[in-house]
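**Student:** What follows is each chain in one-letter form.
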Amino acid sequence: GAVVSQHPSWVICKSGTSVKIECRSLDFQATTMFWYRQFPKQSLMLMATSNEGSKATYEQGVEKDKFLINHASLTLSTLTVTSAHPEDSSFYICSARRRTGTSAGTSTDTQYFGPGTRLTVL
Amino acid sequence: DQQVKQNSPSLSVQEGRISILNCDYTNSMFDYFLWYKKYPAEGPTFLISISSIKDKNEDGRFTVFLNKSAKHLSLHIVPSQPGDSAVYFCAASATRGNEKLTFGTGTRLTIIP
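So the protein sequences, as listed, match chains V and F. Quick note on numbering: our numbering labels position 119 of the first sequence as 351, and the sequence is numbered without any gaps. Quick note on numbering: our numbering labels position 96 of the second sequence as 98, and the sequence is numbered without any gaps.
Quick caveat, the hints were computed from the structure, so don't treat them as lab data. Hints are supplied without guarantee of correctness; some may be wrong.
As the list claims (entries may be wrong) - A few chain V residues that face chain F, going by a derived Cβ cut-off under 10 Å, partial list only:
| hint | residue |
| --- | --- |
| 1 | Val-251 |
| 2 | Lys-252 |
| 3 | Leu-276 |
| 4 | Thr-314 |
| 5 | Thr-342 |
| 6 | Gly-348 |
Ideal Cβ placement from N, Cα and C applies to all residues, glycine included.
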């Protein structure tokens, strides 16, 4: 269980075009999904938190008009990179948060990640 | 300000031996900790987690230890296998995972056959 998919796995586009990346939770519902970006040899950088039915919450320094996020259902969030430029080339990863119970009776939330999307802007 | 630190960028361990990966944190509000394994050009895979109400959690070959007073956690893998070679990230969150994750910088583990 807890499978998260991303589509496409890689995309090459021309500068100035827009690219949409889909993130789906396949076997659970996720009211909250996250979008990350990873630069080579660096850790994951959280870009935004995607909430079903409401606006996304963006981290400081991330342009919300550049990176449009739509969380239309409990199993799908999309990230659209608008007017992409070469500096937007990166590895984009989504995660979906799933609530799990514990033996102590308290619940915890675990993020499960998609396989990532490699974006190359020419 | 790096709130979650993995001070060893790399670690090499002989196959069959124990691998110990360390992680330190500074934010006392963190109460839920996770370990992820990541291969190049793939998303992180969830391995194991621990809540601050426990000091140990075990799942097969993986055991996570939490020392709250030292703000330190470690992941033990025993016995280490060649397929364990990957980058390991520790992550922390507040309110039992309801808050966003803060990731460490990762440790590249290489298992030597």
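**Student:** A separate judgement is required for each hint: does it hold in the structure or not?
**Tutor:** Quick rundown of the hints versus the structure:
no. : hint    : result
1   : Val-251 : violated (17 Å)
2   : Lys-252 : violated (18 Å)
3   : Leu-276 : holds (5 Å)
4   : Thr-314 : violated (23 Å)
5   : Thr-342 : holds (6 Å)
6   : Gly-348 : holds (5 Å)
Of the numbered hints listed earlier, those contradicted by the structure are 1, 2, 4.
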